[in-house]
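Colleague: Combine both chains into one complex, guided by the hints.
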Amino acid sequence: MQQAPFEEPLAARLPGSPALAKGGGGKLPDSGGEEVPDKVELRGLSLWYGTKRALHDISMRIPRNRITALIGPSGCGKSTLLRCINRMNDLVEDVRIEGEVLLEGEDIHDPDLDVNALRARVGMVFQKSNPFPKSVYENVAYGPRIHGARKRAVLDEIVERSLKGAALWEEVKDRLHESALRLSGGQQQRLCIARALAVEPEVILFDEPCSALDPVATGKIEDLMRELRSEYTMVIVTHNMQQASRVSDFTAFLYMGTLVEHSPTRELFTRPREARTEDYISGRFG
Amino acid sequence: MRNSDPGRLRPDRRRKRSGDRLGAVFIRLSAGAMAVNLLMVLGLLVLIGVKGLGVFWPRSLVEIRLKDGSRIWGAVVERETVRDIDPGRTEEEGGRNGRRGFRIRVRVANRDLEGEEFLWVPEEEIAGIRVREDLVRVERAEWGDFLGRFLRLEAGGKKVTDSWGGFRKALDARDSVGPRTDEGRKEAWKAVFEVAGGETVEIPWEGILDAIRPNRMGFLEKCGFYGNRFFDFLVSEPRSSNTEGGIFPAIFGTVLMVFLMTIFVTPFGVLAAIYLREYAKDGPFVRILRIAINNLAGVPSIVFGIFGLGFFVYTLGGRIDSLFFPDRLPEPTFGTGGILWASLTLALLTVPVVIVATEEGLAAVPKSVRHGSLALGATKLETIWNVVLPGAAPGILTGVILAISRAAGEVAPLMIVGMVKMAPDLPLDGEFPFLHPERKFMHLGFHIFDLGFQSPDVEATKPLVYATTLVLVVLVLVMNLGAIALRNRLRKRNATSSV
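Residue numbers (numbering that gives the first Met the number 0), protein chains in the order written: chain A, 0 to 285; chain B, 0 to 498.
Extracted from the complex, chain B is given alone in its bound form (with noise of 0.2 Å):
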């Protein structure tokens, strides 16, 4: 098309309008929202990242000899710079105050001897610090992890070996017949250990799990033990009150009440978006009632944990006791916490993310394919069934997905209707009939919590905090995961028209 005007087609550059550079600032402002957002959660992710994976790598041991003599043996964990290097004495008193200095943390383990975990040492009091290849790092079966140097292996006061190579050889035919096949034998085996201090420690054999010569390992034996141990934690049961040992119930119990949840919720609230979305006539009842599911989802979770307890648990739970289980009162068998119920709280939550997902994926179906249906007879139920619901899948999946991420970072309401530090049986086992919904079940993020905030020692579990953190995140992003290519692969299969 030719213009008469050209002028018409190219706005004088000169004379800008005041609001193409107010856009221009707007741009940048929202980009950098968008900037900041993106840093926060990449960093967030690279924290837990990095540290989550860095917590079983096997750190080199040193000796740290101090100005006053003594020494210390243990893996420098961290160093920070201090203000005050004595913070508890003045300057009269000879403290050095008001100074820059460095300090480190040094983890000490033997917990059972210092009484703490790790210490701080100042820079300035250390004369030396080296590696020395013949420590050894023993993990126990309580107490947490032991540091010293071996001596020698002793069956009942008599010497079975001093080398090493010896002990290890020992501890490897052990693990081989099988965990703990040590009640046959006669005297008690012990090994002798010597700590930074210069005294002996005897640890039973029995007490110990695995012992390692970190400072003598090469890279790729590092990385061995590095994946054992990692997978070790995945696949054992806590021990030392959550302190030590692995996590599994806990990632157990966590994927199988987000499953539980997700075959509530999702039959559920399909059909109470395909109600209001196809049935219902559309009005201020209906009107009323979505507002009132939107509003739903944003009440805080600990009331549905509270409704949860008092609905599910009590009034459900005490229903069914005292219908099916009455010999066994006042022992509630249903009458409390449990998977079942903690699953239907979470469900009840994520019900309205549900609705309103599925409502948008009806309401994507165009009209003309449910004329195309209705216009070969078949019935509006078979129109939503065959045609419909179909069509509305990538919508509900999505809705889904919401839902699971959103249950599995939830705690707060599982705290009360079920969620235990400690569960003694999985839900779900080879004893009949195999899923217990009855059962108090261990969850990821109480675990988080439970580690971080409830331990004994707080320093000694952080670092299974951020192990325990990413196996949560991670376990989010592949259920995450594994739902958006399902919905794209629905997506593919039933992609509009284009013609």
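For reference, chain A alone in the conformation it holds in the complex (with noise of 0.2 Å):
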């Protein structure tokens, strides 16, 4: 549908652009009108799977303590976005970068930076729970360990207490030391929050984790992500526009690889500025 490839990032070329999307101004708006500093900041991020170009020019807020969903089509490149943001694409052969992904002010692809220092504080949460085939415990145990922790009543204490920050606690403590594998899928990809959640890291990315879940799971998911909320910065790609209008606080439409509108979530659904969005969310493509 489009007569040109985007040269340009489309917000620069439409009139009115929303001053979110691209650069320009300090705070972002909450919805509630009040100031919310920035988490995470894109700038002009392109990203490229050999000659294909999947990402074009992408500038975007991330705010702080808030819950950012990332819509769009199949193929749109949220989750390569949302994976730019903690650089598993690094893990992708024959991958190209250009632009900035600043996490707290600091350049993420910075050569002195540790990446894995960087997974540690950007935890990640996938489509497909995919725990350690060992036990509840170790699973959740495993990132404390890699990074140094060893005392036996340390990790206790944080296998607990990420269990019971991903509401697991309840229904695993008397099992903990039974394979992860034997949990239902919903109970899985919470222990893969807690597992998330035990290296104890500022943002958490959530690459679409309920769409493998019955509608039970996901809305304690939901539930938690809204828990979360007050002490992490999240991000989630969903393809369900239900999921990102209830749990999500902004909500960035990408559609074929370009950020074309980020809203506060409920402005988004009543008033989108872009006729693209409003198409989308009514269900008119996509």
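Hints listed in this document are in silico derivations from the structure and should not be mistaken for laboratory results.
Worth double-checking, as some hints may not be accurate.
Going by beta-carbon spacing under 7 Å, a handful of chain B positions derived as facing chain A [said to hold, decoys possible]:
id, residue
1, 367
2, 368
3, 371
4, 377
5, 381
Even for Gly, the Cβ is constructed at its ideal location relative to N, Cα and C.
Modeller: Here it is as structure tokens:
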């Protein structure tokens, strides 16, 4: 449907493009109107897989202690964008990234920065729950152990706190040493969240965390995200627009590798600025 | 779902496609091939099992009277059909050629007297066979078994006892005090026996290991004797240039060699596989490397043996000798075949198997789990060590099992890198430093070859060949089962998510 490829950022070509989507202005207005400081900032981020360009000059700011949802049709680059924040794209061969990703003002592509330390600060929960084939306890203790926690008492405490944080403690406290693979799908996903919490990250990235779960399990994960909101900055990629509207404070709509609109969630779903956003959220395509 | 055209769901049975019939034939063919394979393997195992287990059973001894008046004492071993009863003579000379008949094989023992352990007796010449209860089988330290009738036990020419009971009591008394405590005795003791020909034979007391009257033994007594004998076979040293006694050093050598090989091959193969699968960038070089590794598995084992001799024994061993044991030269210490070099050679032989299996095991660990670990801030090394390797453990163990199976049965390359017919010392003993990697060792596979083809009387050692083969097969089976049990435990623990 495009006549010309996006050589320049879409936002720049569109009149009346919101300040949110591209640079300018220090603080974001919250949905409630108060000022929220940025946690992550993307500046002119572009990404190529080989010769295929997946992200087009994306600039956006992700506010602290808020949930930001990334929505858009399949293949629009929302998961790719998410993985830029903890540099999981490094694992893909033949990937090229331009632009900056700032975490607390620090460029995460700085050659002096330890990528493993970055990933400890930016945790991730995947689309398909991927617990290690170990016990529940070992799954949660894995991260702290990697980062140097050795004492049993310390680990016990972290495991309990993380499992409580992921609202899983009551369900698994008597089976901590059973295989994590015996848990149900929803429990496994919450275990993955607990595992991420255990390393005390600042940001947690959710890559379609509920796509393989039933509505009850999904509801539990969403409740959990709302509870975690006070302590963590979260970014969630979702296919499900109801989920985005239920759970998030801000929503960014991506289309074909371009950031079309980034607004407070209520605004985006009730008064979208862009025609394409409206088409998408009203189900006309995608 | 409803289908408007039910005919499409139910194809016409009368019009069977020719492919179906061919398919049925193919199924039978493949099942047939499978059955033949199974039968052959089962046949082999049953043969080894029956013959090997039967070796130590005390057979009843019989007296065979021939038509010419002479008699034979012995145990009937087998009976077979023959076309020519007198192969040497023609019809005119009175030969009975072209007629079918039977002959029996009798184990007469008394190798020193008869010159042969076994006799073939044509059934036509036999006048009668009867079981004699007073026949004695004596196990001797030399010349194998003796068969005869007990007459008396003498000490310096004077009769000690002429009753079997007294003789047995004396034997038991001697054994309970401990073996060979006869040095202090003034007169030489000897037992006097009568043989089938009627002559008397004297056997020195020290030469008698055991004596039984199998025809007087009850079933339980025979079972006890059998168990004892089998146990002795497993735990004692060979005698009379391996034709008698046990096979303990060979069992020990085989197990230790395989164990050392496993210690060498597992880390080596696993590290190589980790490099290939996890670190190396897939390209023509890695592909060629993989092909080379697969081909290495097909190189004849004797080639590895020669390489082991040239590289490990002469080059490495020679260097070690000139560096650390120069005072012992020209007598080589490490510069000659030994269990260390043998196990290294076999490790080289089996490393492709371990690499290939480990690579498959690594490939089976899903990417999502690796990403889970990396996303927690684990380095690649930590991820491989903590998540990937445990997940690949069943695959690694499969490789190790295959390597063990291959190594335990391998004989050819070992013959030139340290395996010997008769090793004076075990490679592991109480003498510091306990493990002696430079020592030569015995091996069950070579022991079978030696017994079956190198001993002076192949017929006499045939039962031992069966028994040794049985032990080797069981040993390989036990090692495999152990590894498989371990693998299944790991599999259960690391079962991939069903959700």
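Colleague: Please go over all the hints and tell whether each is borne out by the structure.
Modeller: To see whether the hints hold, each was checked on the structure:
With a least beta-carbon distance of about 4 Å to chain A, the hint placing residue 367 of chain B at the interface is held under the 7 Å criterion. Taking 7 Å as the C-beta cut-off, the interface hint given for residue 368 of chain B holds, the closest approach to chain A being about 5 Å. For the restraint placing residue 371 of chain B at the interface with chain A, the shortest Cβ-Cβ distance is roughly 4 Å, inside the 7 Å limit, so the hint holds. Residue-level restraint check for residue 377 of chain B holds (minimum Cβ-Cβ distance to chain A is 5 Å; threshold 7 Å).
Interface restraint check: residue 381 of chain B against chain A, minimum CB-CB distance 6 Å, threshold 7 Å, status holds.
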